[in-house]
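Starting from the known structure of chain A, fit chain B onto it as the hints suggest.
Residue-level listing of the chains:
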Amino acid sequence: MHKTYTTGGRRVEALRGCSLEIGEPGFYAIMGQSGSGKSTLLHLLAALDRPDSGEVVVAGRAVHAMGERDATRFRRSGVGIVFQQYNLIPTLTARENVELPGVLAGEEPAKTAARAEALMARLGVLERASHRPDALSGGEQQRVAIARALLFSPPVLLADEPTGNLDSVSSGKLWGLLRELAGGDSALLRGEDAASSGTRAVNSGARHGRAEDGTPVAPGTGGMTVIMVTHEPAAAVNCRGVFVLSDGRITGHIDTEGLDAGGVAARYQQLVGGRAA
Amino acid sequence: MRAAWRLAISSLWAGGRRRRAALLASAAALSCALVVGVACAMESVHAAINKQLAVTVGSADLRVRPAGSGSALPASVLGTVRGWPEVARAEARAQGAVMVTATRPVLAPGAGEGAFRRKDMAFTSAALALSLSEGADEEGALLPAPELMAGRLPGAADEVVLDDLLAYRLTYSYATAPEHRDGFFLPGGGEDPRAPVVPEARPEVPERLLAQTSPPAPEEAGVRRAPAGELAHLAERINRNQGVAVGDEVEVARQSVLPGFDLPGLRRSTRLKVVGIAAMPPLGGRPQAYLTLEGLQRVTGSASLSQIDIGVREGVDPEATARARRAELPKGLLLETTQKVTAGLQKNIQSNQLGMVLATVMAFLSASFIILTGLGTAVVERQRELAIVRCIGGTRGQLAGAQLVIGVVIGAAGAVAGVPLGIALAWALSLVFGDQLPTGLAVSWWAAGLGAAGSVVAGIAGAAWPAVRAARVSPLIGLAARAAPAKRRGLAAVTLVGLAFVAAQLVLISASDDGQVLFWGYATAGLPLMSVGYFLLGVPAILVVTRVAAGGVSRVLGVPGTLLARTVSATPYRHGLTAGALMAGLALMVSIWTNGGSMLRDWLDKIRFPDAFVSGLALPESAQRKLESLDVVAETCAITLTTVETDLFGVRALQRYKTTFVGFEPEPFFGMTRLVWVQGDEAEAVRRLKEGGAVIVAREFLTAQGLGVGHRFTCRYGEREHDFEIVGVVASPGLEIVSKFFNVGEDFTDQAVHAVFGSRADMKARFFGGEQAPVHLIQIQFADGAVERGAPA
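Chains as they are written, first to last, in the numbering used here: chain A, 6 to 282; chain B, 1098 to 1890.
It cannot be assumed that every hint is accurate.
Restraint ranges, calculated between C-beta atoms of paired labels, are given here [what the hints assert, rightly or not]:
no., chain 1, residue 1, chain 2, residue 2, range
1, A, Thr11, B, Leu1596, 28 to 38 Å
2, B, Gly1587, A, Val17, 17 to 27 Å
3, B, Ala1550, A, Gly72, 35 to 45 Å
4, A, Gly72, B, Val1650, 47 to 57 Å
Worth flagging that the hints you see were computed from the coordinates, not collected in a lab.
All C-beta atoms in this analysis are idealised placements derived from N, C-alpha and C, irrespective of residue type, glycine included.
Chain A with its partners taken away, still in its complex shape:
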């Protein structure tokens, strides 16, 4: 994939021949330094933007070829997006925020309400359902955002620095949640406390997908595909596999099995040529 922007009169090549294939569900991370093209890649996957050249196929759907209407539908039910800033609508309550994709889709209100309630209960924010975002903590807001992203049970969940604004305790809980979503494999859920306390989290899950260099990524045990953009090794260690993006290309893949955050950071440094993330 290639993608070039013009910003402030300057031409920026955000992606220059980026290639990535993920074949099986699981929790993946894309790491890279600022300006490496992480967010651009996520936008292309979410049908928020189109590549200048190349193909984007998500869950069997050619996102790069979608028109305006198909892209909108795809964002509504084909993919879930979670942002660093949570991006809840401030004028709606937590429940209304979660229900919003259903409203936009014109779904029967009762159906939407039932699913939203179940999701909120599962994510532990049901008792905060009638509150507006400004009355929720950062962690609660992010869980509401995840519930909203999951309303239509999309096969893919994209998360852009989801813990960037959270404290370590909330971050740890969120990673655990994403892992749970990614698999249904209880083994993936290990170490929530360790993660939240900042200690080494060891990923023993199966590997998925295929890196640009052709390294095979083993299939997982099921669930959805969660792709998280991050520059934090502590976050990436929770993932089954980490794709390293540098200068608009996938330059390597880190198998997190047996690694702690320090190990992930060291491998990452090697792949980006010694530059800090």
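Below, chain B alone, put in the same frame as chain A:
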């Protein structure tokens, strides 16, 4: 739609945004209220005028009347007229001057203590007796029945309805007021005779004495014997309640030709039963009594009619009918249309309605600007929210739809608040101008509908551009939205478009000489373009104002010097369009208020004409001086008519045309009669008329003869030629009404086509060698309060 509705409501109802939504709705409500208020006020004025016309002219299309006072209109003509196939309805009218007398018992203190003495007292008043046609109270009656305050209309020849002025004249209070004697008004002032008399002490009346009296027992009847001094007071109080009521009998007689020359036996008197009391006609005037045609003929002893009102069938041209049927009437009768009288007023009504449409367009354009600015600002502020909605699957249509729903809700809220507010405003105006609006508030439901619809349309129009902007929000750019400085190119474009729109209005105005093209071009394109142009020019204007004034204002406010300027300059569109909307709104409010007020004043002023007229074959000039010596008369204007010859209108064989030179006294005349100056102006005309050698002409003269200001009028009087310059062309809706009122409508039009109006002093100098000239008409303006005290009687 549900999504758009949900997004719109959440956006409107969110805590901090409610106030803005309320303000935007207030803008729509204010525009709506102004439109509805002014329209209702105009409707009230129209209703008052129409009522006046209905009473004086009725809804007849044609009428038959005697050509002069010497001609009679036989009752048989009614049958002839009803036999014409073009006629849908024909009603006969008769009228005559009568004397009405009511005899009522009154009390006087008796000889002994606590005794009353009963005596009969006759109250008499002159009145105009009018016949009511059969079915006068039915729908479609050509001349509607008077508005009843009590009782019913007369159904038999021995029944009568008095109007409340006549009923009042037949009361003890009126008859014994210091200003009156024998029921006739004498000038001299004094307290308002209608004011109730309230004694300082409230005496109690002995039951025994009450039993001896025939008048009704007073409300405060008691049991204590009152001293003789108090009885006189009490008798007065009881007597003040004496007057004519429904069920009483009155004597009605044809009024004697000469006052005081009233020999018993020569005047036939008829006893009639009062079956109703009617409200005075809106124009006021003489006391009136309403009878059946048969009853009136019995009282006056004349079988002649005074007029036949004719309503033609639908699709029939009254003018053509008048031309075709005129010859079938006996000699001495006129068949004429009523259209000429009402045409001027209808034109005024139509022009005011057109003006109202323009004002409505402007008012709602202004509201749209305000809504556009408010919602546009909200869209900019909420870009991130909109982008989020796009990110999670919201379509462009849903975002645009939400803005339009917001516009509809704001407009509807404006309508809900604005319509009743406007009606309340008009109601307040009708109270303030209660004297001039005898019919009270008339709600214009079409204007209420127009106001409500306009408010909603203004909401939608104001939301249209924000909707486009919302739909164009990119999810990516919206999420990363940061304040960006306004581009010079955009500012230049806004300035150029604004200037182009303002210039387009000027071009439209000068594009054509055709009034119709000009008006509709201006109404549909020029005015809206100008408004939008000025609105857009608010953007560069705010930058200029900021540059000039920000430093000084900052110092006054005590804020850092550059803060204010930078804040405004950073968001010139928001500030500029807000300023533009406020400017347009304020201008509109001032404009509507001013125009509405001037419309009302125009209406009320245009129908201004003298309070009274004195006419005679050739009154001496001393008659005018006598009138002026009366306290109740503020001013008079003597008018002299004389025939002159002119060949200005062409030479017919060897005989010259004769026309009328009307000599009047310019300043008092213009003071009493509101004229519309079609050409020239009043100040210059007065100056020239006083100098002499100048005349003014009527609009009809200009139309018929093609002669206006600057043209010369040469005429011959006696052996000499006289030359005048036309210095003004005028019209007077008020005189059109009054000419109709005095049955001179046709004459008025004929005169207006040919006659010229010059200074009476000039006329005397040129035509009468400076000697006295006979006076044919004296216009009278009563002193303030004289009319209320009954001076017209």
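Here is how each hint holds up against the structure:
1. For A/Thr11 paired with B/Leu1596, a C-beta distance near 32 Å keeps the hint of 28 to 38 Å intact.
2. At roughly 24 Å, the beta-carbon separation of B/Gly1587 and A/Val17 lies within the given 17 to 27 Å, and the hint holds.
3. The hint said 35 to 45 Å for the Cβ distance between B/Ala1550 and A/Gly72, and at roughly 38 Å that hint holds.
4. As the Cβ distance of A/Gly72 to B/Val1650 is approximately 52 Å, the hint placing it in 47 to 57 Å holds.
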